[in-house]
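On the provided structure of chain H, position chain P as indicated by the hints.
These protein sequence lines map, in sequence, to chains H and P. All letters in the first sequence, in the order written, are residues 0 to 339 by numbering that gives the first Met the number 0. All letters in the second sequence, in the order written, are residues 0 to 642 by numbering that gives the first Met the number 0.
Note that these hints are calculated values from the structure, not bench results. It is possible that some hints are incorrect.
[To be verified] Computed footprint of chain P on chain H; a stretch qualifies when at least three of its residues, placed anywhere within it, have a C-beta under 8 Å from a C-beta of chain P:
| # | region |
| --- | --- |
| 1 | 66-73 |
| 2 | 103-116 |
| 3 | 310-316 |
Remember, it's a predicted structure, so these values are computed and weren't measured experimentally. Glycine included, C-beta positions come from ideal geometry on N, C-alpha and C.
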Amino acid sequence: MPDTQLPTYTAKDFTTDQDVRWCPGCGDYAILTAVRKTLPKLTTRKEDYVFVSGIGCAARFPYYMETYGMHSIHGRAPAFATGIKLANPELDVWLVSGDGDLLSIGGNHTMHVMRRNVDINIILLNNQIYGLTKGQYSPTSEFGKKTKSTPVGSPDYPVNPLSWAIGGGCTFVARSIDIDVKHLEEVMLRAAAHRGTSFVEVYQDCNIYNHQVWFYASQKKTKPDSTILLKHETPMIFGAERNKGLQMNGTRLEVVQLGNGVTEDDLLVHDETDRGLAFLLSQLAHPEFPEPLGVIYASTEHDTYDRVVHEQVRQAIESHGEGDLHALLHEGDTWVVEDE
Amino acid sequence: MTPDTSTAHGRIGTKSLGAVAIRFCGDSGDGMQLTGGQFTNASALFGNDIATFPDFPAEIRAPKGSTYGVSGFQVQFASTEIYTPGDAVNALVAMNPAGFKTNISDVEPGGIVIVNEDEFDKVNFRKCGYEDGYNPLEDDELNRRYQIFKVPMSRLTRESLADMGIGAKDIDRCRNMYALGIVYWLYDRRIETTVDFLNEYFGKQKNKPQIAEINVRALKAGYYFGETAELFPVRYHVAPAKLKTGKYRKISGNEATVLGFVTAAAKAGKKLFYASYPITPASEIIHGLARLKHYGVMTFQAEDEIGAVCAAIGAAFAGDFALCGTSGPGLALKAEGIGLAVMFELPLVVIDVQRAGPATGMPTKTEQADLLQAMFGRPSESPCVIVAPRSPSDCFDMAVEAFRLAVHCMCPVLFLSDGYLANGAEPWLLPDLDAIQPIEVNHPTETNNPEGPYLPYKRDPETLARPWVVPGTSGLEHRIGGLEKQDVTGNISYDPDNHEHMVRTRAAKVLKAAQIIPPLEVRGPDSGDVLLLGWGGTYGAITTAGDELRRRGHSVSTAHLRYLNPFPSNLGDVLSRFETIIIPELNLGQLRMLIRDRFLIDVIGINEVRGKMFQVEALVKKTLEIMTNRSASVCDRRLNSMP
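The shape of chain H in the complex, shown without the other chains:
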């Protein structure tokens, strides 16, 4: 009899014997720790996890997770993950990769895995730079970014990962920060619980090629005024003094000061299930606005792709019975050549 009791895991159970080869001080370490600490809180058996990645610094992730894992090719991780999940929907598939991998070379696959709503978890480690190839600008780098490949400044406008995901039909969209391990864990637990594609953007510091790019959002001093922590059905308040909030003005969001007749009741209340609101929130950018953290959008409206596909198979068997190979081969017009 197989042991049906779920073993009690610790972060150590998800740690391989391989040396972690990221640069000292890289934001990826904190994210790896958060994931290792999150998994023991879930109800999945260790052997049922599969970590999939593409190419890039972040994509080394699977080598460090003592689970099944696949380090694939550049940009295609969502397609591999789709195949794994379709072949065996019992598996809990996690995809960890970077901004270049998922939004540039793999943009197409990322978009399609989201619109299909394959039941996998995607963690985007966004450091706004190509690290492994030594510092070229990435699709999330700001306009005008000076790098080795753009000595006079990048002529590209950056992609907004959250807007991309919401526009692409992703059913769970959230954001967190590498050094806030507690918040990361909270968001990942929510992502893991979501049925369908979950997408978590993590602001990740590349301390070699793009150091401090997220400091406005990650450092104690500036974080309260430049981010807003979203909670479902809670008014949108932020600021070190908790004295600022977000309000609708016509079709746009605006920052308002509390006091002088403006109270919490006047503020916008977060509704995770509102896709239109989620898009507006995703567009909020520093320094004009606080950037949202937490679960921006979560919808259970759509069935998952893997469930629909397997349901089609189940129904086919139900209505035709298990296929009879002999009958299939002998289908249609046949004739017999006999001995003379």
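Only chain P this time, still in chain H's reference frame:
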């Protein structure tokens, strides 16, 4: 009025023929594929051997009456075994001037040409580019060369359906059945299979019994026209062929491919996962598999070619029989993914239904020019097993072989079909399923290293294959990746010795597959002057040419490779037994290059890249030319070496 068939038979004589090639042609909206398919079914059920060649434009509905909108369907039916749809057309049915213009030169001198006279008017002449004032039906030269029969099919179809109270558009769409009726009469076929088909297809599936009725009526009207019009001086009879005993069905290459891969998975007790992106001429494979969900088949139409191969590799990792299908341009896009599967050492089969290229090329036309791409078209040293079916029904057998080899070697296998095989059809002697060996698959559940972590690259010493452990197996968690791995442990390794060892091991593993590949068979004498060596879809043409050359007294044998990497173990031995090796290929000499490289022998190529299969007569002629030149040069050498 129903004509009295007994008297009609009395007036017109019947001539027996061994084989006939008929081609139906017309606008791509004229239903020529359906018409040709029906004639084929009737002939197959009658007991003839058959081979078909559907030839259609890439344009779905090209402008009506244009030459590039012409769709054709050729079928050869015979009282003996045949391997090709025939070189010269014995009878052409042309539904419009464009069809006439583009196909007439393929008709044998004295051949029968039946035209729908009503379509031969000024407007249509202009559409297909005939000079003003020229009517090909009045061309003395053409009338001397061919037996042209002018039948006002449009008018006769309308007249025969006038009392049905149905619109002219629907009635005009029955012209193909009228034409088919005439041909059925002329070649002494039974119309019943088509009557049943029309009732089933239009009557039941499409729920349009009236459309079924008018089509049946047009078919019968055409048949009776043949009988009563006394237009044809003689009708023809092709007796049933003496094929191997057993139960048969008609099958195209793509159909056989579908059935073969479903059977392969069943023989292993596996689910089949098929991922693809629509591409001509491979799309019928996903159409065929998508309706077989209850056979444990899952199909995934991916966002692109790359997504398809990657999803398939994901499914292979998770334990499915993973398959993808494409054509040359798609294979190019899959190259990096297939290379990763080489590195992962997972079983994967990739079908390439080759078409004329490069780039978009001629998507509906055939070619064999992806052999070197299959062999080398990936970064670095990334060997794959390559198999190539030789006939439509052989696609079934080679599909089973493809997965047998993929599992045996734990590596990707490329399956090189082509447009000619994919769409062409032949009778298929239905296989005894019990006689097909099961494909053994082993997913270990126990560790191979009790002292430490599981060793994903610890190989079977016999086959060099690594174990196929699937996620979900407790205690055997491991990672695979595109980075070079240390053998045995699978850990990332940049060690030079290890890399060399792994590159050579992956190559050796593929070569070792020759152990389970059957030897190459020679048709004709085991040794002699000439061996015609082929691969893939040219089997029919080369075999027929070889038979013909032997019939004419030449020392010519043929052999056909179905396994291209590795080659059958006896290939070198076979080659050594012939004076001259000739390789006919629909490319500029790709197999020739591989054979020369591997065996360091001279090989002469017969190469064509016309988007078409070889004509048998052309192969015969070129082989004879080569033989003549060779003996002349041997004479020269002897003369020169004389003192």
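How the hints compare with the structure:
1. Restraint check on the region 66-73 of chain H versus chain P: 7 residues with Cβ-Cβ distances below 8 Å, three needed, restraint holds.
2. Counting residues of the region 103-116 of chain H whose beta carbon lies closer than 8 Å to any beta carbon of chain P gives 4, which meets the minimum of three for the stated coverage.
3. By the rule of at least three residues with a Cβ nearer than 8 Å to a Cβ of chain P, the coverage given for the region 310-316 of chain H holds, with 4 such residues.
Of the numbered hints given earlier, the model fails none.
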